[in-house]
Every structure is written in C-alpha cells, then in structure tokens.
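The opening position of the sequence shown corresponds to residue 88 in the numbering used here, with each subsequent residue numbered one higher.
Check the hints yourself; a few may be wrong.
Stated by the list, open to error - If you anchor each label on the Cβ, the simulated ranges turn out as follows:
#1 G211 with A309: 47 to 55 Å
#2 L295 with V130: 45 to 53 Å
#3 D302 with P185: 52 to 60 Å
#4 L275 with S228: 19 to 27 Å
#5 P94 with L289: 47 to 55 Å
#6 T167 with D306: 43 to 51 Å
Simulated from the structure, these hints should not be mistaken for lab results.
Even glycine gets a Cβ: it sits at the ideal position worked out from N, Cα and C.
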Amino acid sequence: MERLRPPPDLLTEPVGVVGLGIMGGAMARNLLADGFRVLGHDVSEPALTALSQAGGTPLRTPAQVAGGAGVVITSLPTGTALEAVVGGLGGLRDAARPGLVVVETSTLALADKESARQVISETGGLLLDCPISGTGAQAASREIVFLASGDPTAIARVRPVLEQLGRMIHEVGPFGAGSRLKYAANLLVGIHNVATAEAFVLAEKAGLDAHLVHDVLADSAAASRILELRMPMMIANEYSPPTARLNTFLKTSSGRRRRCSGLSDSSTRPRADRAWASSTARLYAG
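Required output: the full structure, derived from the provided sequences and hints.
Below, the structure written as structure tokens:
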C-alpha cells in the first residue's frame, strides 16, 4: 500500500520524541523525512547528535520537548526511565497541559504506564498505551504496527502522525489493552525466533542446502513472519545492524511471566517462556 504524504496542516506543529534509541531514533528520522519538525530528548549525547544531524532539534529535558509539541512519542527501555521522563526533574509533567497527548510506545509493566498516565492526567493531558509490534529495522522501513489503547479521541488525534510511521494502527480497547496484547505477541515472537534457529541448525546438520530450506519452509505451513526475517540472516551469518537488544528482550520475558501470573494454568504457564529465554541466552552467550 502506498503511503500518503502528510497533509500540510499536520506539519505546522512539532512532534516530540523522547527516547532516541533503535525504535525512537527510527521514528524521529522518518518524521523528519516527511517534513515534520521534530523535538527530541535522550540521555545519550550521541543520540542527540544524530537527531541534530538528521535535521531535528535536540533538547536537554523532556519538559522542553512537551513545551514545544502537542504530541510526544516516548520510547524507553525501563519503567524507571518512564518514571523519570514523566515525573522527574525537568520531566513531561513540568510542561504538560490540556491538549497534550503522550504516545507511550514502550513495552513495560502496565503498572508503570498507569502511574505515568495518572501524572499526565493531573495536568489535563492524556497518555496513551500504544506499544509497537516490530523490530528496529521495521521501524526504519515503516512496517511497524501500533497497538493503540486509551482515550479514543486522543487516538484519533495522533493517528495521522502514527500513519506516517507504521503500516497499521489497531485500536484495541481501553488503556492497558495494548500492553496486554503486546505481551502475548512477544511470547510468540520469542518462540518463533528460537524455533526458526533450531530448524535451521537441524536442516544444516542434515546436509540440506540452506537457501533451499528457506525457500521451501517460507512457502509451507511452517512459514512465519519471523522465519522470513531471521532465516536469511542465519544463512548469511550477518546480524548487523542490530534490531533489538538481547538484555531488553530477556527483561520483557521475565516481566511477562510476572504480569501474566494467574491468567493461565500455573502448571504450564512459566515453562514455554523460560524455555525460549534460556535457549536464546545460550545462543548468544557464545
């Protein structure tokens, strides 16, 4: 599907991005490429320099970002980082106001997002729970999917911005539904990653041609989006540039087990999740 250029009136107000790592940095660059003015903040000086070189405006605090933008996208590694960005010294709270919409795209504990939403709501602003399905590479190529949950009016307001960044925005329900759906999605992604690697090694040890294995499996009932993305990397033994950080992925696995406690049979709940996390850790431990 051809991506439409943003209407001129959408470009009049800057968009803020707080957290300029793999995902946030890709989103900021894509907004700049479309003609948006982007105000950005990160604790990393190289990330701020990269934003400036791409044409954005690096700022020293999240409050400065919120003060100049009506929509602020956050992409952060931990709940502690979200707490600091929203309510810490120079945080979004210091400049939040009625009309501000914060699009929280990180994969974090829902309790952390609920706390951040409460802080922003006390200023009259709104915070959406809007995690992303996709990798850093997919963020760069605008193939990510947003799982938007929260105030429908706020989602409608930010939809034109998000449409420039991904291929789909799913409205999945009240605040928190996006994160709950993302936990399920991450479980499948982890399992598919490890299963694809195991299948590749099995075929390789059986003496099969790697390219043939990929072509046949990708056109069979065994196909998956992860197989299509990862097996070519395995064949080439080339994994750069990285699309995610392993410690972040394993962190979300551990957190997911805690968050899903009580939602399934306790005799089976932890085992599949622990199995792929353990396999992945061994795979990359060298």
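Against the structure, the hints:
1. G211 with A309: 47 to 55 Å: holds (51 Å)
2. L295 with V130: 45 to 53 Å: Taking Cβ atoms as reference, L295 and V130 lie about 47 Å apart, which means the hint holds.
3. D302 with P185: 52 to 60 Å: Since D302 and P185 have Cβ atoms about 55 Å apart, the given range 52 to 60 Å holds.
4. L275 with S228: 19 to 27 Å: 21 Å Cβ-Cβ, so the 19 to 27 Å window holds.
5. P94 with L289: 47 to 55 Å: The hinted range 47 to 55 Å holds for P94 and L289, with Cβ atoms some 51 Å apart.
6. T167 with D306: 43 to 51 Å: The hinted range 43 to 51 Å holds for T167 and D306, with Cβ atoms some 45 Å apart.
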